[in-house]
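2 protein chains.
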Amino acid sequence: MKFSPLIDQLVQGLRCLPGVGPKSAQRMAFHLLERNREAGMQLAEVLQLALTQVGHCRECHTLSELDICGICSDTRRDQHMLCIVESPGDVLAFEQAGSYRGVYFVLMGHLSPIDGIGPEEIGINHLLERVQASAVSEVILATNPTVEGEATAYYITEQVKARGVLVSRIAHGVPLGGELEFVDSGTLAHALSGRRAVE
Amino acid sequence: MKFSPLIDQLVQGLRCLPGVGPKSAQRMAFHLLERNREAGMQLAEVLQLALTQVGHCRECHTLSELDICGICSDTRRDQHMLCIVESPGDVLAFEQAGSYRGVYFVLMGHLSPIDGIGPEEIGINHLLERVQASAVSEVILATNPTVEGEATAYYITEQVKARGVLVSRIAHGVPLGGELEFVDSGTLAHALSGRRAVE
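Going line by line, the protein sequences match chains F and E. Just so it is clear: in the first sequence, position 24 is 24 by the working numbering, and no numbers are missing. Just so it is clear: in the second sequence, position 16 is 16 by the working numbering, and no numbers are missing.
Think of the hints as simulated: they come from the structure by calculation, not from any bench. Ideal Cβ positions, reconstructed from N, Cα and C, are used throughout, including at glycine. Just so you know, not all the hints are guaranteed correct.
[Stated by the list, open to error] Sample of chain F residues facing chain E (criterion: CB under 10 Å; computed from the structure):
no.	residue
1	Leu17
2	Ser64
3	Ser87
4	Gly89
5	Val165
[Said to hold, decoys possible] Chain E residues, not near chain F, derived (Cβ > 10 Å throughout):
no.	residue
6	Gln42
7	His172
8	Gly194
Isolated chain F, as found in the complex (with noise of 0.2 Å):
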């Protein structure tokens, strides 16, 4: 026994969030139950209507309970440039960076045939009818700098090209304001081959 048995249930249920183990469950359970019941209520009603009701968006994969997007169906983007992203956590950092117009394609994963994840489990077939039937002039790939979302965006790049279309990857390097001692050696290897001229 540690606690009544639906404190107990309460403080397992709160585990399945990644990142809380059993202390931080149970701060959160008496959080809950002795300051904030009303906002507890509250996410339990959002939790039930979110888990039933997302989906994924019917062009880009991403998560959503509308069947399109507010991205997609947004007119004022240029749907000729489309951004190949892993998760839509990505697509929030292209959208808070800021500059991108475009739209997105997300993978929802990347490939990992030793999982049983091939090119039909993250859209790869949706994702090349649409560049071949609308008017995609450039396919932008940011797959995660990974071994997977390496081999992910060289499988994606193979297909693309074989209908006609332009296929970047955005760069890699040295992020802005870090300071070169603390840049890891495969990144600044991987800067220092990708140098361009400076005009």
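Add chain E to chain F, keeping to what the hints say.
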């Protein structure tokens, strides 16, 4: 616009949890939506259940959905010893230490006149009724060693002593396994003034 309205609401809702900022809330929302909808739904259900059903134990005031909590209703516990703590988490800490066999009284806070929290609000009237009515022979004060906790302990001491019942306070000092050089000076001064003759 950040995400779709419902996802925004979910991210916002998760921020009612203590220690969860915008980035963590976003990570939690995506984790649940992408990978763990079932656990999320269970969390929503147990949240609603706990927030509507959990109240306070009639005897010790701890959080419980039962009218009388597991500890108070356990006939093997020594009803002569009553340990006063500030929160249900403190009860758990004692139970995990494992050496206490008496019962508890949970104040659910401490005296704080500036916030309008007087003796009534933390159930001291009920505590005194219990001390007088039942067979309590020792009241053990285990409020936190903070200004408010000490003030609360002092107030209870006065009231309980007036009713002819023994009052004790748990020992404060250098924690076991702690290294002296890392112990704060307040604790060290307290440990020194509270020294006991070695027998």
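At 10 Å, judged by beta carbons, does Gly194 (chain E) keep clear of chain F as stated? 29 Å, holds
Ser87 (chain F) was flagged as interface toward chain E. Is the shortest Cβ-Cβ separation under 10 Å? Constraint on Ser87 (chain F) satisfied, holds at 7 Å.
Per the stated criterion, does the least C-beta distance between Gln42 (chain E) and chain F lie above 10 Å, as a non-interface residue requires? Violated, because the least Cβ-Cβ distance between Gln42 (chain E) and chain F comes to about 6 Å, which does not exceed 10 Å.
So, as I understand it, the hint says Leu17 (chain F) touches chain E; can you test that by seeing if any CB pair is closer than 10 Å? Since the shortest Cβ distance to chain E is 5 Å, the answer is holds.
Distance rule for His172 (chain E), whose beta carbon must clear each one in chain F by more than 10 Å: 23 Å, holds
Hey, does the Ser64 (chain F) contact hint survive, CB to chain E under 10 Å? The hint holds - Ser64 (chain F) has a Cβ within 10 Å of chain E, the shortest such distance being about 4 Å.
How about Val165 (chain F): closest beta carbon in chain E under 10 Å, or not? Result: violated, 28 Å to nearest chain E Cβ.
Are Gly89 (chain F) and chain E close enough, Cβ to Cβ, to be under 10 Å, as the hint says? 6 Å, holds
Consistency note: the structure conflicts with the earlier hints numbered 5 and 6.
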